[in-house]
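A.B. asks: Take a look at the letters that make up each chain.
2 protein chains.
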Amino acid sequence: MASQDDVKVLSLWSSPFVMRVLIGLEEKGINYETVPQTFPDKSPLLLEMNPVYKKVPVLVHKGKPVVESLIALEYIDEEWTSGPALLPADPYERAIARFWADYVDKKIYEPATHIFRYTGEKYEAAKLELIENLVLLEETLKGKDYFGGDKFGLVDIMLAPQISWFPMCEIVGGFKIPMEEKFPLIAAWMRKCKERESVKKILPQYEDLLQYATMVRKRVLSS
Amino acid sequence: MASQDDVKVLSLWSSPFVMRVLIGLEEKGINYETVPQTFPDKSPLLLEMNPVYKKVPVLVHKGKPVVESLIALEYIDEEWTSGPALLPADPYERAIARFWADYVDKKIYEPATHIFRYTGEKYEAAKLELIENLVLLEETLKGKDYFGGDKFGLVDIMLAPQISWFPMCEIVGGFKIPMEEKFPLIAAWMRKCKERESVKKILPQYEDLLQYATMVRKRVLSS
Chain A
0 MASQDDVKVL SLWSSPFVMR VLIGLEEKGI NYETVPQTFP DKSPLLLEMN
50 PVYKKVPVLV HKGKPVVESL IALEYIDEEW TSGPALLPAD PYERAIARFW
100 ADYVDKKIYE PATHIFRYTG EKYEAAKLEL IENLVLLEET LKGKDYFGGD
150 KFGLVDIMLA PQISWFPMCE IVGGFKIPME EKFPLIAAWM RKCKERESVK
200 KILPQYEDLL QYATMVRKRV LSS
Chain B
0 MASQDDVKVL SLWSSPFVMR VLIGLEEKGI NYETVPQTFP DKSPLLLEMN
50 PVYKKVPVLV HKGKPVVESL IALEYIDEEW TSGPALLPAD PYERAIARFW
100 ADYVDKKIYE PATHIFRYTG EKYEAAKLEL IENLVLLEET LKGKDYFGGD
150 KFGLVDIMLA PQISWFPMCE IVGGFKIPME EKFPLIAAWM RKCKERESVK
200 KILPQYEDLL QYATMVRKRV LSS
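Which chain is which? The protein sequence lines are A and B, in order.
No gaps in the numbering here: position 173 of the first sequence is 172 in numbering that gives the first Met the number 0, and each next residue is one more.
No gaps in the numbering here: position 100 of the second sequence is 99 in numbering that gives the first Met the number 0, and each next residue is one more.
From chain B, some residues computed to sit far from chain A (all C-beta separations above 12 Å):
| no. | residue |
| --- | --- |
| 1 | Thr-37 |
| 2 | Leu-127 |
| 3 | Gln-210 |
| 4 | Ser-221 |
Per the computed footprint, the stretches of chain B lying under chain A, defined by three or more beta-carbons under 8 Å from a beta-carbon of chain A, are:
| no. | segment |
| --- | --- |
| 5 | 63–71 |
| 6 | 74–82 |
| 7 | 90–98 |
Rather than coming from a laboratory, the hints here were simulated on the basis of the structure.
Yeah, the Cβ is synthetic: ideal placement off N, Cα and C, and Gly gets one too.
Go ahead and model the full structure; you've got the sequences and the hints to work with.
C.D. replies: Listed below in structure tokens is the structure:
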């Protein structure tokens, strides 16, 4: 059964990439239905809707799939123009937003993922890299409420799931991200985002995620 | 001295990423000036314009930098709307174009780069992966002249530099991409693109690129 807007999201509650798409839909006020997926078995629907990567999230609008979270967010912004804009209107500002969205993917999510996936040298390197790469993000927030300026937008959505995942990185990594000391602007941004309806609704419970993250790490260590 | 449109591109003649941006500008009929960079020494201008990645291409428009080739192509399309569109107008078709643009980056350029960068197992794997990943690209061309349909656009530009670089992959990799046998649609697409003014003007000479590619590979093998 389709939602009123005929939007489904093939999802996994713990996936930061799924969270991005859901926060985008919430921001736009779109009705959607989530279709939870199980892993490692992939559902026929997932295989049909994302035959190339076989991964969540898949945003299915009127039966047609959009995959990759950043691409889905741009689609949401361009398809539902009546809601608040996720990207700015000016071409140069759009380029800047896309640059930082990409930076968040490559420079924040990648080392964060490596903390879970690796051991030894690569694991240690990932922790240092994550902290190092936060320096530039902190700088871009200077004088601004959100990454795009005074409005919550694309880059904020891209990073928001890390509000839940950073503490998991710290626990699994056995280290501390010196958030308040070194990254006070990001820390303030996180507090602000946590209170935002769209974010609050989508971010998972700490205890649930802790259990999940611990299980993921155990699986890596025993493999 | 700035061009009439006040566009400069910090460039390197052999870089496929630079070629993408230049082809995009050519398609739009924009006047630009290239500012060739030398490596490994980075110019003060490059460090100023791309402090995060310190890489070419940098598209500098009215003194303001746009980096990352895909982001630069989207900027070109949104800033100069009077020229032919690089992306389709429909949000869903735009999402599809972005998906394949991203696929070309992750699934074609990445293994192609690995052929130059690695030896041993990773080098062998990259060759197989490249051929395997071409299968899906071949499928998307079915019944179409270009990746977007009947018009040359974003995905075509993203892949076009490989018309010059595929032969280098073959030489450095000591293997043959069975283009005519297994990928006749891509082969036909390459022939068509080669005759296109924007592409013909930007792709480098075979002999020059061969010399460069051989030198790059020698440096890897001796390091």
